[in-house]
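Asker: Below are the chains, spelled out letter by letter.
Protein chains: 2
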Amino acid sequence: MRVLGVDPGLTRCGLGVVDGAGGRRVRCVAVDVVRTLADAPLPERLLAVGAEVERWIERHRPDVVAVERVFSQHNVRTVMGTAQVSGVVAMLAAKAGLPVAFHTPSEVKAAVTGEGRAGKQQVTTMVTRLLALEEAPRPADAADALALAICHCWRAPMLDRMAQAQARSAELARAHKARLEAARRAGEAS
Amino acid sequence: MRVLGVDPGLTRCGLGVVDGAGGRRVRCVAVDVVRTLADAPLPERLLAVGAEVERWIERHRPDVVAVERVFSQHNVRTVMGTAQVSGVVAMLAAKAGLPVAFHTPSEVKAAVTGEGRAGKQQVTTMVTRLLALEEAPRPADAADALALAICHCWRAPMLDRMAQAQARSAELARAHKARLEAARRAGEAS
Numbered sequence: 001m002r003v004l005g006v007d008p009g010l011t012r013c014g015l016g017v018v019d020g021a022g023g024r025r026v027r028c029v030a031v032d033v034v035r036t037l038a039d040a041p042l043p044e045r046l047l048a049v050g051a052e053v054e055r056w057i058e059r060h061r062p063d064v065v066a067v068e069r070v071f072s073q074h075n076v077r078t079v080m081g082t083a084q085v086s087g088v089v090a091m092l093a094a095k096a097g098l099p100v101a102f103h104t105p106s107e108v109k110a111a112v113t114g115e116g117r118a119g120k121q122q123v124t125t126m127v128t129r130l131l132a133l134e135e136a137p138r139p140a141d142a143a144d145a146l147a148l149a150i151c152h153c154w155r156a157p158m159l160d161r162m163a164q165a166q167a168r169s170a171e172l173a174r175a176h177k178a179r180l181e182a183a184r185r186a187g188e189a190s
Numbered sequence: 001m002r003v004l005g006v007d008p009g010l011t012r013c014g015l016g017v018v019d020g021a022g023g024r025r026v027r028c029v030a031v032d033v034v035r036t037l038a039d040a041p042l043p044e045r046l047l048a049v050g051a052e053v054e055r056w057i058e059r060h061r062p063d064v065v066a067v068e069r070v071f072s073q074h075n076v077r078t079v080m081g082t083a084q085v086s087g088v089v090a091m092l093a094a095k096a097g098l099p100v101a102f103h104t105p106s107e108v109k110a111a112v113t114g115e116g117r118a119g120k121q122q123v124t125t126m127v128t129r130l131l132a133l134e135e136a137p138r139p140a141d142a143a144d145a146l147a148l149a150i151c152h153c154w155r156a157p158m159l160d161r162m163a164q165a166q167a168r169s170a171e172l173a174r175a176h177k178a179r180l181e182a183a184r185r186a187g188e189a190s
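Protein chains in written order, with the numbering used here: chain A, 1 to 190; chain B, 1 to 190.
Treat the hints with care, since some could be wrong.
Selected chain B positions facing chain A (in silico; Cβ < 10 Å) [said to hold, decoys possible]:
id	residue
1	G50
2	V79
3	A83
4	L92
5	A165
Please keep in mind that the hints were generated in silico from the structure rather than gathered at the bench.
By construction, the Cβ of each residue, glycine as well, lies at the ideal position given by its N, Cα and C atoms.
Please work from the sequences and hints to get the whole structure.
Answerer: And the structure:
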């Protein structure tokens, strides 16, 4: 499974492509950061980031796009721009026919470091080690994008099992309801 | 000037096209609301709204897109989705080569009702009257999109004058700095 991880941002948007080779094995395919100028108009900045994401989807043909889930609680000043970028990325992935998975920052940190409140340096160190990179990806947004992609490689089988279990339990609930309904009708008819 | 007003939202996104005919005269060209299902995946919802905005740009050929400026302060539950839609809309407008203007809800309310804290009903009533519509646009998101477009028609000349004044004052500052620099060099040379 090939995952494009996106750490959304206007000033720096991290992009990382990782191949999951089964089990815990992961391989880095590409990593970079898209930058836009803070004094450029917002629509131009969103267009520049979106165009680069489209190029990465075209070039690297990921099976899925993993995006950091943005929360409105923290970083009120920058959160709107981050949310706008994440919306553009999710829309472009859907347009390319790709599934999109959202992971929270603590899910990502817990996946790669074992600790949901790990610092940026810890994440970078673990990403470098897990992907056997010769040097640490810089800046932190690049490492975060790779961490997101790794997180998705590892969580995907579990998320699939949960989705299947949910579908099964919804099916059971429907069958149960149908039996109750049939019993009610039989009671009315008798 | 033709303005496409967009009141961004995931469940309901208001779209309204207004022609500004000089002075305070405005004419309604089209108004509608795009709806997406709350239980559909977020990327699909963003894609559906984005596709409709692209169709409106193609069909109505606006000169500018006016979007409501989203704040992170209120409605924390829905604000992220709203921000994501506004990002998609701004990006698509830029992609179509159109300028994007953001207006705050109170700027819009003040423009059409004279009162920045006007209620939804007041906005709808004034929009209906200003555009001489036979019936009030429903739901409120449709009226809000038209109000945004009207607001832009009326504010655009003032915003243009402000931009020109800013450009002039930046030019004057540059000229002043150049004169000082020339005087300093002349002083050094003498």
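Asker: Taking the hints in turn, state whether each one holds.
Answerer: A quick look at each hint next to the structure:
1. Given hint, B/G50 at the interface with chain A, holds; its Cβ is 5 Å from that chain's nearest Cβ, closer than 10 Å.
2. Taking 10 Å as the C-beta cut-off, the interface hint given for B/V79 holds, the closest approach to chain A being about 6 Å.
3. Residue-level restraint check for B/A83 holds (minimum Cβ-Cβ distance to chain A is 4 Å; threshold 10 Å).
4. Hint status for B/L92: holds, given a least beta-carbon distance of 9 Å to chain A, under 10 Å.
5. Residue-level restraint check for B/A165 is violated (minimum Cβ-Cβ distance to chain A is 18 Å; threshold 10 Å).
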